[in-house]
Structures are given as structure tokens and as C-alpha cells.
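*Asks:* The letter at position 182 of the sequence shown is residue 182 when you use the numbering used here, and the numbering goes up by one with no holes.
In short, the hints are calculated from the structure, not lab data. Accuracy of the hints is not assured; some may be wrong.
With a straight-line cut-off of 16 Å between C-alpha atoms, the simulated EDC-like cross-links for lysine to aspartate or glutamate are [unchecked claim]:
id, residue 1, residue 2
1, LYS60, ASP240
2, LYS233, GLU243
3, LYS184, GLU136
4, LYS184, ASP135
5, LYS183, GLU92
6, LYS183, GLU243
7, LYS202, GLU65
8, LYS183, GLU234
9, LYS70, ASP240
10, LYS184, ASP240
11, LYS172, ASP89
12, LYS70, GLU243
13, LYS169, GLU92
14, LYS183, GLU226
15, LYS158, ASP135
16, LYS202, GLU234
17, LYS202, GLU67
18, LYS79, GLU226
19, LYS169, ASP89
20, LYS79, GLU234
21, LYS70, GLU208
22, LYS172, GLU92
23, LYS187, ASP150
24, LYS187, GLU226
25, LYS184, GLU243
26, LYS142, GLU119
27, LYS202, GLU114
28, LYS187, GLU234
29, LYS172, ASP162
30, LYS187, ASP231
31, LYS61, GLU243
32, LYS61, ASP240
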Amino acid sequence: MNHGPFTVLSPMLPEHITAGLPTVETCSLLHLLGIARIIPVNLGKSKGKPNGKKPAPEEKKLYLEPEYTKSRITDFEFKELVMLPREIDLNEWLASNTTTFFHHINLQYSTISEFCTGESCQTMAVCNTQYYWYDERGKKIKCTAPQYVDFVMSSVQKLVTDEDVFPTKYGKEFPNSFESLVKKICKYLFHVLAHIYSSHFKETLALELHGHLNTLYTHFILFIREFNLVDPKETTIMDDLTEVLCSSSGSSSNGSGNGSSNSAGAQNHVKER
Numbered sequence: 001m002n003h004g005p006f007t008v009l010s011p012m013l014p015e016h017i018t019a020g021l022p023t024v025e026t027c028s029l030l031h032l033l034g035i036a037r038i039i040p041v042n043l044g045k046s047k048g049k050p051n052g053k054k055p056a057p058e059e060k061k062l063y064l065e066p067e068y069t070k071s072r073i074t075d076f077e078f079k080e081l082v083m084l085p086r087e088i089d090l091n092e093w094l095a096s097n098t099t100t101f102f103h104h105i106n107l108q109y110s111t112i113s114e115f116c117t118g119e120s121c122q123t124m125a126v127c128n129t130q131y132y133w134y135d136e137r138g139k140k141i142k143c144t145a146p147q148y149v150d151f152v153m154s155s156v157q158k159l160v161t162d163e164d165v166f167p168t169k170y171g172k173e174f175p176n177s178f179e180s181l182v183k184k185i186c187k188y189l190f191h192v193l194a195h196i197y198s199s200h201f202k203e204t205l206a207l208e209l210h211g212h213l214n215t216l217y218t219h220f221i222l223f224i225r226e227f228n229l230v231d232p233k234e235t236t237i238m239d240d241l242t243e244v245l246c247s248s249s250g251s252s253s254n255g256s257g258n259g260s261s262n263s264a265g266a267q268n269h270v271k272e273r
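Please take these sequences and the hints and turn them into a complete structure.
*Replies:* Structural data, given as C-alpha cells:
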């Protein structure tokens, strides 16, 4: 679905939000339409466990403010849009949507990538959870957020352009591991979206792209729920936002009601994943 081009408007935000941010006029339009840089690396995995650190104080989540959550670029019913159409092969549907989400999330991240640096984001963090990259040998790699996103985007780019994994020619079959690869891709794309909300929502507001972000997040979450592509435990960290954005999109809770209450307690402790 074509969500249309990003529109750059002058920010009309409180001073406490825009403080320290460059004006929209100084942000390169080419950068807004660019793609996040990528480096070659194989798709790895992430694991997590509590690290025993003291609980970090809970910060107010700007992205949950009603004046921002109601911002969308369309009122389309995404619950209907993500459903598998009749006479369409499931793998074809998963491949088409996964590739589209990859490009949209990559583009969304590129709009704030200049603010996501090794200094500002020394770890790949979402709220009080820290993610590590695991390479194909299972080696744990501690990296900054931009490095982690580079790992994700380059790995996914390699997969979606591999004719043996995402076939585009008529009659060519999908590999037996296709669904598991899609699940892994969606998990990592969720990490990127969650990081944008957790660490760069202020910049997204300054660029007035929060409507695009909310719409993309809603569409993506309903898609992965429809086909059970990501373990609900993985997305619990953003259940508060999911409840707000998806409740008005005809989405069933899928256990998120209980997950939301558990999420609040979980986010009081720093975790590694």
C-alpha cells in the first residue's frame, strides 16, 4: 500500500520537545528520502536475560501522549488489509508484505539516522531492555544502536534479494525454512521500530513524521499478529503503545491485556536480549 511521500513541515511543538534539535529547514530532504547505510553481515540472533542491575527510573513516554497517538496518515482498516486474500499463496503473501515492511521501516529509520549515533545511542536499547547481536556462530556482539540497525538492514537486504529465499520467478518454490526466516526478520524489524519510539520520538515529532510512524507501526503489528510471526513475549515491551494504536484498528488483544500489566513491571528492570 502506498502511504505517500513524507511531508516536511515546520514543527509546532513545545520548546521542551524541540530544545536541542535542528530546525526542519536544516534537515536534508535527500536524507529524508534516503536509505539507511548498510554493511554486509549474516543474519544472527538475539537472546536475553536479566543482568542484575538496579532498576532504572521509569521515564515518561512521550509517544503515549494522546495528542500524538491519534496522529495517523490514514484511517484505513489495517485489520482487513493484512488478511490473506483468497487464492493467494501464503508464502507469496508473507514475502510481499515482509519485503514492503523492510523498505518502509528502513526508510522511517533513515529520517532520524543522523541523530542515532554511537554517542547518543551507545547500546541498542528499547526502554530498559538492551539488545545484543549474535552472529551465525552464536558469538555475542555488543554494539551501538546504529551498528545493530546496520546489521539488521544489511542482513535482511541480503535475504530479500536472494532468489533462493525470496523467489520472484514463476514456478520457483520457497525454501522449507522460509517461515522461520520471515519470523526472524520481523523480530528484528520490530526492534528497529521500538528503538525509534523509545529513543528518537522527539526527533520524529520535530520532523512531524509521527503520523507516518504510528501508521507503519499499527500496520506492522497487526500483520505479525495475524500470522503469529513474532512471539508475544518479544513485543511485550511495547504493549502499552500497541494497545493504544491497535485497539482502534479492530485488533483483538491476543493476550496483550495481560501483557500490558506485566510489561510495566518488566520495564522497571534493565534486561539484556
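*Asks:* What are the numbers of the hints that this structure violates, sorted from low to high?
*Replies:* Violated hints (numbers, rising): 6, 10, 16, 20 and 25; every other hint is consistent with the structure.
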